[in-house]
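Please construct the entire structure, taking both the sequences and the accompanying hints into account.
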Amino acid sequence: MRPARYLDMMIDPQYMTHLHKRQSECISSHSMTTDIHTHLGADRMSIQKVNEYDYARHTDTLLQRMDVFGIDRAVLTPVDPYTGTDLYLQAAAINPDRLYAACEVMPRPIDTARRRLKKYTDEGCVALVLDDNMYYPSDPAVDALVQLAVDNELPVYFHTHELTGDTISFVDKVTTLWPDGKFIVLHMGGLFGFPNLLPLMGRRNLWLDISITLVKLVESPLRVYLDALLQDAGVRHLVYGSEHHTEYPDLMDSLNMIDLNVETSRVVMKENAWLILGMPF
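Those letters in the sequence shown? Residues 0 to 280, by numbering that gives the first Met the number 0.
FYI, nobody ran anything at the bench for these hints, they're computed from the structure.
Where is the CB? At the ideal position from N, CA and C, for every residue including glycine.
Heads up, a few of these hints could be off.
What the hints assert, rightly or not - With a straight-line Cα cutoff of 30 Å, these simulated DSBU-like cross-link-like pairs (lysine-lysine) come out:
| hint | residue 1 | residue 2 |
| --- | --- | --- |
| 1 | Lys117 | Lys172 |
| 2 | Lys48 | Lys117 |
| 3 | Lys48 | Lys118 |
| 4 | Lys172 | Lys118 |
| 5 | Lys215 | Lys172 |
| 6 | Lys48 | Lys215 |
Said to hold, decoys possible - Label pairs and their in silico Cβ distance ranges:
| hint | residue 1 | residue 2 | range |
| --- | --- | --- | --- |
| 7 | Asp252 | Asp231 | 21 to 27 Å |
| 8 | Thr163 | Ala143 | 20 to 26 Å |
| 9 | Arg43 | Gln230 | 29 to 35 Å |
| 10 | Arg97 | Asn132 | 28 to 34 Å |
| 11 | Pro95 | Asp226 | 17 to 23 Å |
| 12 | Pro220 | Gln89 | 20 to 26 Å |
| 13 | Glu122 | Arg202 | 26 to 32 Å |
| 14 | Glu262 | Leu176 | 39 to 45 Å |
| 15 | Asp66 | Trp273 | 18 to 24 Å |
| 16 | Asp165 | Arg114 | 33 to 39 Å |
| 17 | Asn132 | Gly233 | 31 to 37 Å |
| 18 | Thr163 | Pro95 | 33 to 39 Å |
| 19 | Leu176 | Ser219 | 29 to 35 Å |
This is the structure:
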């Protein structure tokens with residue numbers, strides 16, 4: 000949305016009435032929503048600019064937005080394997096009852112990767128993030144890192160905007176080799192990657208985080224693939240993630256467009272996340 004248009008809408012009384020009504024509905028119907036994947040920052044384009052001097056301010060903003068949209072808990076998902084995890088652990092400590100941190104670890108050197116993953120697990124990280132830009136799916140070191148994550152009961156996030164064939168093959172492999180693991184493809188694998196994941200969706204250890212892509216998918220010709228998934232497997236494979244708190248309004252609208260009832264809404268917005276993170280319902 001262009002800034003000028005955004006400002007016009009913000010001062011439009013009719014728009015503000017609609018927004019407040021929708022926010023009230025979100026809070027009343029989804030008060031226990033868990034956002035399994037979000038980042039700090041003023042917007043999606045400035046996620047990597049957050050630093051030790053302003054992370055607390057961005058964390059406060061996130062918590063305020065969570066309150067407005069009825070988000071009870073959120074997992075901060077780092078995008079920088081060198082400083083991001085430590086920064087997000089500090090941010091999560093601001094409100095540990097509501098915020099959690101995932102960790103991102105470079106697979107090599109493998110001994111260093113093992114030590115870092117153990118360190119982050121001991122410090123309370125709740126998931127391992129594998130970002131497309133940080134690993135090669137064919138690298139045996141990644142297999143070893145995934146094995147360690149599964150052994151420590153950490154879910155594994157695949158952070159990708161558009162799935163490649165190599166990444167799909169890797170997801171296929173790990174969901175087969177580690178049936179007790181929990182594997183989540185963020186952004187649903189991207190608009191064009193999502194259809195290629197459908198053959199794997201019969202596996203009970205694989206979920207799709209709905210951030211970014213669901214908003215595009217519901218109004219795309221590719222929606223037929225989403226409808227096929229919902230018809231064949233229901234919502235068991237979908238889990239609520241936002242990418243960023245500025246996405247909350249559009250994401251809520253997109254969920255309304257797939258006609259969730261109270262029960263299926265609870266599965267997507269709470270129960271699947273809690274199952275993945277090992278929280279009691």
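To see whether the hints hold, each was checked on the structure:
1. Lys117 with Lys172: holds (24 Å)
2. Lys48 with Lys117: holds (27 Å)
3. Lys48 with Lys118: holds (25 Å)
4. Lys172 with Lys118: At roughly 27 Å apart (the allowed maximum being 30 Å), lysine 118 and lysine 172 satisfy the hint.
5. Lys215 with Lys172: holds (28 Å)
6. Lys48 with Lys215: holds (26 Å)
7. Asp252 with Asp231: 21 to 27 Å: Once the Cβ atoms are compared, 25 Å apart, the range 21 to 27 Å for aspartate 231 and aspartate 252 holds.
8. Thr163 with Ala143: 20 to 26 Å: holds (21 Å)
9. Arg43 with Gln230: 29 to 35 Å: holds (31 Å)
10. Arg97 with Asn132: 28 to 34 Å: Because 29 Å falls inside the window, the suggested range holds.
11. Pro95 with Asp226: 17 to 23 Å: violated (39 Å)
12. Pro220 with Gln89: 20 to 26 Å: violated (44 Å)
13. Glu122 with Arg202: 26 to 32 Å: holds (30 Å)
14. Glu262 with Leu176: 39 to 45 Å: violated (33 Å)
15. Asp66 with Trp273: 18 to 24 Å: The hinted range 18 to 24 Å holds for aspartate 66 and tryptophan 273, with Cβ atoms some 20 Å apart.
16. Asp165 with Arg114: 33 to 39 Å: violated (27 Å)
17. Asn132 with Gly233: 31 to 37 Å: Once the Cβ atoms are compared, 33 Å apart, the range 31 to 37 Å for glycine 233 and asparagine 132 holds.
18. Thr163 with Pro95: 33 to 39 Å: Hint holds: Cβ distance 36 Å, inside 33 to 39 Å.
19. Leu176 with Ser219: 29 to 35 Å: Holds, at about 33 Å.
Checked against the numbered hints above, the structure breaks hints 11, 12, 14, 16 and satisfies the rest.
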